[in-house]
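Visitor: Protein sequence lines, in the order shown, are assigned to chains U and B.
First residue of the first sequence? That's 1 in the working numbering, and the numbers climb one at a time after it.
First residue of the second sequence? That's 115 in the working numbering, and the numbers climb one at a time after it.
Keep in mind that the hints are not guaranteed to be accurate.
[To be verified] Straight-line Cα separation of at most 30 angstroms, DSSO-like style, residue types lysine-lysine; simulated pairs: (1) Lys183(B) - Lys220(B); (2) Lys227(B) - Lys168(B); (3) Lys223(B) - Lys166(B); (4) Lys220(B) - Lys166(B); (5) Lys168(B) - Lys57(U); (6) Lys220(B) - Lys57(U); (7) Lys220(B) - Lys168(B); (8) Lys223(B) - Lys57(U); (9) Lys220(B) - Lys13(U); (10) Lys183(B) - Lys57(U); (11) Lys57(U) - Lys13(U); (12) Lys223(B) - Lys183(B); (13) Lys117(B) - Lys223(B); (14) Lys183(B) - Lys168(B); (15) Lys117(B) - Lys183(B).
The set of hints was computed from the structure by calculation and includes no laboratory data.
Below are the chains, spelled out letter by letter.
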Amino acid sequence: KAGVTQTPRYLIKTRGQQVTLSCSPISGHRSVSWYQQTPGQGLQFLFEYFSETQRNKGNFPGRFSGRQFSNSRSEMNVSTLELGDSALYLCASSFDGSSYNEQFFGPGTRLTVL
Amino acid sequence: LAKTTQPISMDSYEGQEVNITCSHNNIATNDYITWYQQFPSQGPRFIIQGYKTKVTNEVASLFIPADRKSSTLSLPRVSLSDTAVYYCLVGDPNYGGSQGNLIFGKGTKLSVKP
Chain U
1 KAGVTQTPRY LIKTRGQQVT LSCSPISGHR SVSWYQQTPG QGLQFLFEYF SETQRNKGNF
61 PGRFSGRQFS NSRSEMNVST LELGDSALYL CASSFDGSSY NEQFFGPGTR LTVL
Chain B
115 LAKTTQPISM DSYEGQEVNI TCSHNNIATN DYITWYQQFP SQGPRFIIQG YKTKVTNEVA
175 SLFIPADRKS STLSLPRVSL SDTAVYYCLV GDPNYGGSQG NLIFGKGTKL SVKP
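Kindly generate the complete structure, drawing on both the sequences and the hints.
Guide: See below:
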């Protein structure tokens, strides 16, 4: 079974631009979560989607948004990029989003904002 | 939400057994304890999960005392490839079916030396 895939793997943008990251979950998984990881703040939860609906959201500004498609693939968008948005963005999928079920993480997208 | 406290770092040598303890004083009745492992520039990977007493799988054991206010991840005979960050998480699997209640702390950076 193929794992979670994220594209692109690396991205360089400048301040003020916007970016869209993509995540394809494991086949059959309906829950997709997004995390931001930085050396200073560690791994922080952004939001979770289940059956095309956002079920939970972390403490991030509205510049961070996401969506999920009917095939469970998910995208996250960051508008008006700031230097502090430079991070590793990780997506994780699981069968139903329950914390009892294992989350499978993708390799991440390394975003650098100049 | 139950917060967790782990040592920031630990050192060990190849072939030794490593025990990483996590404190979760405010764990709720329905919360499960889950451990993840993360290598640099990769997404976290599920190691083990438990509710009480002892759980063992092919890579680790998880010891949970009766009061469940702490847990210990035990890695037998570590090798250099076990050098990674280990996260302890506590969450209610039935909390709205959402992963949003899983909080990754800073984790424990384990360094295995030859």
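Visitor: Look at each hint and say if it fits the structure.
Guide: Hints, one by one, checked against the model:
no.	hint	in the structure
1	Lys183(B) - Lys220(B)	holds, 19 angstroms
2	Lys227(B) - Lys168(B)	holds, 28 angstroms
3	Lys223(B) - Lys166(B)	holds, 25 angstroms
4	Lys220(B) - Lys166(B)	holds, 24 angstroms
5	Lys168(B) - Lys57(U)	violated, 33 angstroms
6	Lys220(B) - Lys57(U)	holds, 20 angstroms
7	Lys220(B) - Lys168(B)	holds, 24 angstroms
8	Lys223(B) - Lys57(U)	holds, 28 angstroms
9	Lys220(B) - Lys13(U)	holds, 27 angstroms
10	Lys183(B) - Lys57(U)	holds, 27 angstroms
11	Lys57(U) - Lys13(U)	holds, 25 angstroms
12	Lys223(B) - Lys183(B)	holds, 22 angstroms
13	Lys117(B) - Lys223(B)	holds, 18 angstroms
14	Lys183(B) - Lys168(B)	holds, 14 angstroms
15	Lys117(B) - Lys183(B)	holds, 11 angstroms
Consistency note: the structure conflicts with earlier hint 5 alone.
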